[in-house]
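So the sequences go chain by chain: A and B.
Under the working numbering, the first residue of the first sequence is numbered 15, with each subsequent residue one higher.
Under the working numbering, the first residue of the second sequence is numbered 360, with each subsequent residue one higher.
In short, the hints are calculated from the structure, not lab data.
No residue lacks a Cβ here, since even glycine has one placed at the ideal position from N, Cα and C.
It cannot be assumed that every hint is accurate.
On the chain B side, residues computed to face chain A include the following (Cβ under 7 Å) [as the list claims (entries may be wrong)]:
1) 367
2) 371
3) 659
4) 1125
Dumping the calculated DSSO-like pairs for lysine-lysine here, alpha-carbon to alpha-carbon at most 27 Å [stated by the list, open to error]:
5) 139/A to 381/B
6) 139/A to 650/B
7) 175/A to 924/B
8) 175/A to 858/B
Read off the chains here:
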Amino acid sequence: MSKILKVENLNKTYRSGNHDLTVLKEVSFEIEEGETFAIVGPSGSGKTTLLGLCAGLDVSQAGNIWLCGQNLTSMSEDERALLRNRHVGFVFQDFQLLPTLTALENVVVPLELQGVGRAAMDRGKELLEKVGLGDRFHHYPSQLSGGEQQRVALARAFSNKPSILFADEPTGNLDGETGAKIEQLLFELNKELGTALVIVTHDLELAQKTNRSLRLRSGSMEQMAV
Amino acid sequence: MSRELKKAGLSWLVTMAWRDGKSSYGKLVLFIFSIALGVTAVVSIYAFSETLRDSIAQQSKSLVGADYIIESDKPANEKVQGIIDSLGGAGAREISFLSMAAFPGNIGTKLVEVRGLEGDFPFYGELETEPTSAAKKYKSGQALVDATTMLQLDLKQGDSIKLGGVTLPIGGILNSVPGNTSVFGAIAPPVIIPLEYIDATGLVQTGSRIDYKYYFVAAQDQDMAQLEETVEPVLESEDADLDTHASEGRRMGRRYDNFGKFLNLVGFIALLLGCVGIASGMNIYIKEKLKSIAILKCLGATKRQTFFIFFIQVGAMGLIGGAVGTVLAYFIQQLFPIVADGMLPLDIEVGMSPQSVLLGLSLGLTMSILFALYPLMRTLYVSPLQTLRVVDESGARSKRASWGVGLGIVLFVFCFSWWLLGDIFHSLSFVGGLALVFLILTGMTYGMMKLIQRFFPVGWGFMARQSLRNLLGPQNQTLTLVLTIGIGTFLMSTLYFTKDMLLAKASIEDNANSANMILMDVQREQMDAVSSTIQEQELPVIDRIPIVTMRVESLKGVSVDEIRKDSTSQVSGWILSHEFRVTYRDSIIGSESVVEGEWFPTVPETGTVPISVSADFSQMAGVGIGDGVTFNVQGRIMDTQVKSIREVDWTRLQPNFSVVFPKGILENAPQFGVITTKVPNEMVSATLQQQLVQEFPNVSILDLKRILTLIEDILNKMGWVINFMSFFSIFVGIIVLLGAIYNSKHLRVRQSALLKTLGAKSAQILRMFAFEYAFLGILGAASGVLLSLLGSLALSWLLFNTSFVPSWVPFVVIFPCIVLLVLVLGVSNSFGVIRSTPLEVLRKGDNG
């Protein structure tokens, strides 16, 4: 199996007032293709910062990240955007759907960005049906419940058949029952499409369902569990 | 990346712009309207000016009634007659002058323009008369009298008119003559009689200003430009003029063009205000979209793609705004001929040329993009990390790009105003003035906000304090609204102040020494008798002004003929050919002041005659203190020397002179006079005029009160047009206000819900909003009025050179009306905000 994500000696510092605040210190790990991986830790431990860096949403001051074989540190913002569009999927805690687009339009955005024409809509409908929203194509996010919005977000995340999917507290805003359904869907799609899954979560039960997990404390790697 | 853009190409960007735009159409419609109104203001004026220019060009022949005219203030001499004959002879001839007309059987008298006509004038256009046949029949010994005069004096066809020694029957009502405007016709309405009766009137006497005109029809292939080139210099040397229909059209075009340019600038300001509204509205709009932009970037959209989604939205708004504005302009300009009725001597058929349509569309597009560019640039600096956490991007913006956008806006405003005005200095002044007004208003607003912050009224009730906090808080629209309301108010009140200044200058001071009636063309031997007639009515003779006519013979030793031949000479043609009406006296009068040299009350015993010239004469003749000017005083050559230069206020309604001689030299020259008096009311004025016309038919009477009423009418009419354009600025301000209310609705709804949850009543919340809008209205309108007060004060010192007593209208009418308007609009739009229940709003959270 080849490495889909490789993180090496990663450091991240923020300027806070007059002093520097180190958020990540010497973090290194690797993820294989199709693997499921959890990043856990208490609030403020640097989980979300690490996810942002791994997905190319932010840049680090030191260390290297290889995503899908490409070194993110040497890429421009637009090049990283292109890489995300082709190989990466996202699921956020607060869904992050575009409020002005319908469910179907939200799902097809990554495909449309690739220049896929009419076929994008067919694929979007197929995915929405798969997540149980076959009757919600033309609903706006504000017309959907939290669970439905997260299912739309899931459909969108898998629409471009990503090599890796980053999920930031994917069930954090949902009740237990809905959260369980979303988890199930997430793992089903991961298996079906062979997508590597990186989940940032507080939920240890969810973390235990992954192949491996990384525990962070105050920006440092505390434990790598298998 | 370009490969990427090609894949998710323009059609996707347009689709995304449409998808996003349709959910915010309420806001976008308001943006479109603020652009559309500005475009309406500019395009309606531009299109009307264009129509006017075209109409003048098309109707130039009917404006003068002929292809060309030879004109002089004396009968054609041998040389001029030779030219007339060489051109194939005039088709028609006219002698015209101002005179008093009496109407036997009617007590009225009136100053009229007597036009004695011979031949088939007009060759183009027509004499519009009632009955129509009167236009031909009058030649058999009748008079055609202006329609308004007929109405005013209750005259009918068949009544008589007495002009000097001739009494003629009125053959018909004269509705229009080619080239006459009702504005000038109102001062001295035209009366047409056959030319052969002119001599018999006995009104052509010394000092009378007589115009001799010879009307021509050109041959089909006659070149007007060549005619002007060859004949005009010869005629000028004989004190005559050649006016072709083309040159007359050009002159008239220039006259209306200036007013059109001024109005266009007022319209342009309205457009700029709309753009300020766009910029501020877009700022909030884009702020709301930052999260969506971050999501798009997270999903793989590039900087350029996210930028272009909103760029396309703005461009489309600009184009639609431009198109809506152009359509509105078409309807608005239908009103202009109605407003300008009587001020235009031609028929106007309003329309919309392709250039006007292009102007509307390109203005809408360019202005909206330019002004939205600054907020749009924020999309470039949004990090996709925003999807995970709040990121401070305040430092990410490129200062160079921001300056570039600012510079682009200033450059565009400058270039557009340059194109409108055609003068680089005027455009720079306009842009500078506008920047100054914007800066002062911005300074005043920030100053006021700082003052509120510093001396926050902690003792006020909670709602009043809360409303003040809303004005200072994040996403406040205080500056934009104060700017738009302020500029609109500034324009309107400056107009009132300026109009008052112009009227005050023209008005007759109400004291015993100020004349309100001027008697002109009084022959020397009539001076005492006319004075006695005035005094018999127990009226004062305020001035007896002697007038001697003369022409310039040479300037600084160079003869007029030589100056004419010198192609490099800067001396005005008017100086060389004008017959000057000169007076002599020993003191200066109230409307003039010596600005250079020394005033000589009497002629010294030795040396040349010292004269005083006006600053305009000095400039146009190129003469200064000590320079010699030789005059031809009705055949006698007289050498003089310029000893003083006077600044003359020509706008004062009293006899003013370019050249004044000292006492002691012209007393024996052939002369006539002007007598001034003051009449207390219309009745006395009418009685005196009637008596004077009977006893001295050659004397023309100018009733200054009547002229003042006319000037007031014209200013009111012009004021109406300017007010109309200023209203556009206010209206744009209202749209911007509505946009601001709409934009901040989300915040207000949440604020209102939270306050309600904490126990506030709807009425209290409404009071809070009312206080906020009242403050905005007061600050904007007060800034505008105060600024216009300062501006008008500066105008009175620098331009009008007069004392400035501000009109009460801006303070008592404009200011409260605008405050009320802002208050009503703001409060009425807040009803929806307080109607939502707290739970509904709080449950919706950010998803709503």
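Measure nothing beyond the straight line between the CA atoms of residue 139/A and residue 381/B; if it is 27 Å or shorter, mark the hint as holding. Cα-Cα ~22 Å, so holds.
Take the shortest C-beta to C-beta distance between residue 1125/B and chain A; is it under 7 Å? violated (27 Å)
Checking hints one by one. Is residue 367/B an interface residue toward chain A, by the C-beta closer than 7 Å rule? Hint on residue 367/B: holds, closest Cβ of chain A at ~5 Å, below 7 Å.
Residue 139/A and residue 650/B were given as a pair; does the straight-line alpha-carbon distance stay at or below 27 Å? Holds, because 25 Å separates the two Cα atoms, which is no more than 27 Å.
Does residue 371/B pass the interface check with chain A, least Cβ-Cβ distance below 7 Å? Result: holds, 5 Å to nearest chain A Cβ.
Is residue 175/A within 27 Å of residue 858/B, Cα to Cα? violated (73 Å)
Assess, step by step, whether the Cα of residue 175/A is no farther than 27 Å from the Cα of residue 924/B, and give holds or violated. With a Cα-Cα distance of about 91 Å, the restraint between residue 175/A and residue 924/B is violated, given a limit of 27 Å.
Was the hint right that residue 659/B lines chain A, CB cutoff 7 Å? It holds, given that the least Cβ distance between residue 659/B and chain A is near 2 Å, below 7 Å.
Violation of the numbered hints given earlier is confined to hints 4, 7, 8; the remaining hints are satisfied by the structure.
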